[in-house]
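Chains as they are written, first to last, in numbering that gives the first Met the number 0: chain A, 0 to 151; chain B, 0 to 281.
Simulated from the structure, these hints should not be mistaken for lab results.
Please note that a few of the clues may not be correct.
DSSO-like mimics (lysine-lysine), calculated; alpha carbons at most 30 Å apart, straight line [said to hold, decoys possible]:
| hint | chain 1 | residue 1 | chain 2 | residue 2 |
| --- | --- | --- | --- | --- |
| 1 | A | Lys59 | B | Lys123 |
| 2 | A | Lys127 | B | Lys94 |
| 3 | A | Lys127 | A | Lys55 |
| 4 | B | Lys231 | B | Lys244 |
| 5 | B | Lys228 | B | Lys94 |
| 6 | B | Lys228 | A | Lys58 |
| 7 | A | Lys59 | A | Lys104 |
| 8 | A | Lys58 | B | Lys244 |
| 9 | A | Lys55 | B | Lys123 |
| 10 | B | Lys231 | B | Lys145 |
| 11 | A | Lys59 | A | Lys127 |
| 12 | B | Lys148 | B | Lys123 |
| 13 | B | Lys148 | A | Lys58 |
| 14 | B | Lys94 | B | Lys145 |
| 15 | A | Lys127 | B | Lys244 |
| 16 | A | Lys59 | B | Lys244 |
| 17 | A | Lys104 | B | Lys244 |
| 18 | B | Lys148 | B | Lys231 |
| 19 | A | Lys55 | A | Lys104 |
| 20 | B | Lys123 | B | Lys228 |
| 21 | B | Lys148 | B | Lys94 |
| 22 | A | Lys104 | A | Lys58 |
| 23 | B | Lys123 | A | Lys127 |
| 24 | A | Lys127 | A | Lys58 |
| 25 | B | Lys145 | A | Lys59 |
| 26 | B | Lys231 | A | Lys58 |
| 27 | A | Lys59 | B | Lys94 |
| 28 | A | Lys127 | A | Lys104 |
| 29 | B | Lys148 | B | Lys244 |
| 30 | B | Lys244 | A | Lys55 |
| 31 | B | Lys94 | B | Lys244 |
Values in this document were obtained by computation on a predicted structure and should not be read as measured data.
The residues making up each chain are set out below.
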Amino acid sequence: MKNSMLLTACASVAMFATVAIGEVGPNDVVFTDSGAVEGSLTGVAGDPANGAMVFKNRKKGNCLACHQNSDMADQLFHGEVGPSLDGAGSRWEEAELRGLLTNAKNTFDGTMMPGFYVDTGFTRVLEKFEGRTNLTAQEVEDVLAYIQTLTE
Amino acid sequence: MKKFTLSAAVAATIAIFAGAASAESNSAVLTIDGQEITLRAAAPDYIDVDEVISGWSFRTAETQALQMDDFDNPGMIFVDQAIDDWNTVDGSEGKSCASCHTGGPEEFAGLRAELPRWDEAQGKVMNMEDYINLSRVEHMGAEPWKWAKPRMDAMVALISLQSRGMPINVAVDGPAADMWEAGRELYYTRVGQLDMACSNCHEDNYGVMIRADHLSQGQINGFPTYRLKNAKLNSTHARFSGCMKNIRAQPFAVGSDEFRALELYVASRGNGLSVEGPSVRN
């Protein structure tokens, strides 16, 4: 009896995992005309703490390469290629932020900001990044949750 | 008293700022051992900036200082090594560079300023590396040197140095025009997972910081460059390769037609600046 209960618990964990993995693939993301993405890419709430890590990490989002962010004043180098993200969480709706993190080119025509959840349409991608997205769907949701904390 | 406190505060702010970012230098001329180097010049009409600016202007004061005196310039150590190679007999003909070029490397004053250039006799656009290997193979009966390797980069530096201070004057028309066009195409083509072109960084954003790096115009008048990062001379093609990898793009091969075309085009974007190599960069 005890055993069978354990078995049931395991099965439901496994089912839950399948649902979580069933995230929106990079080519199935639906953008509005203005480049926003309405629903979560994963169905799992974003984790702002992990989002902050992805934001800083040079091998992940490396958002600091191009953006200043007063919330990370402890970090030595902030780029100046894009606008400061101070208050970005107040300026943009959640769906707009999700869209511009997923593929900023749908929001800003011809922008230099990379698409972080795009895996096709590139030229001469270095082999180890071929067919891969810059961030995972959950990392996009995490960065999004972090940006939403940057309010004015 | 009050004035004193104020200036101390200002000095402290400047010191902190200098640590994080190098302010772009506005000097128009740099003097190295009495030789004048043009750091800023009116841009040629075929490019989309007003002014062409040497990469030196964007480096920190410490890095800049290393290039202001040849005794401090670590690139000169490699120039000395190239002088040894210049005098070393190699190959089936029993000759060194010095056997034929009796005037010394000085014979080549002016050459670097025109390269890459169309060579009628060879029927192609020639780079410095091509001329060096032409002599090694045809005149010395020696093995050609690999591009972007220490001996080749050092010899390119020795010969470039003979033209230091002379204005870059690369021809964009005539038989090289098609190749120049191909180079321009590559310069504006977005590549890699980050999907960027050379122009995104070096034309649209020079003068601003990209994380810890102060973006320059990506000029090649100072090549080969001694980089503090890897403590050796770096060729143009090695640098192009590094920039492509940074945007997660598969670089073209060193010495490939693509990089040759890109080099011709990028060199022409520096017309009016001085030959500066070996320069010092971070």
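Tell me the numbers of any earlier hints that the structure contravenes, in ascending order. Those not satisfied are hints 1, 2, 5, 9, 20, 23, 25, 27 and 31.
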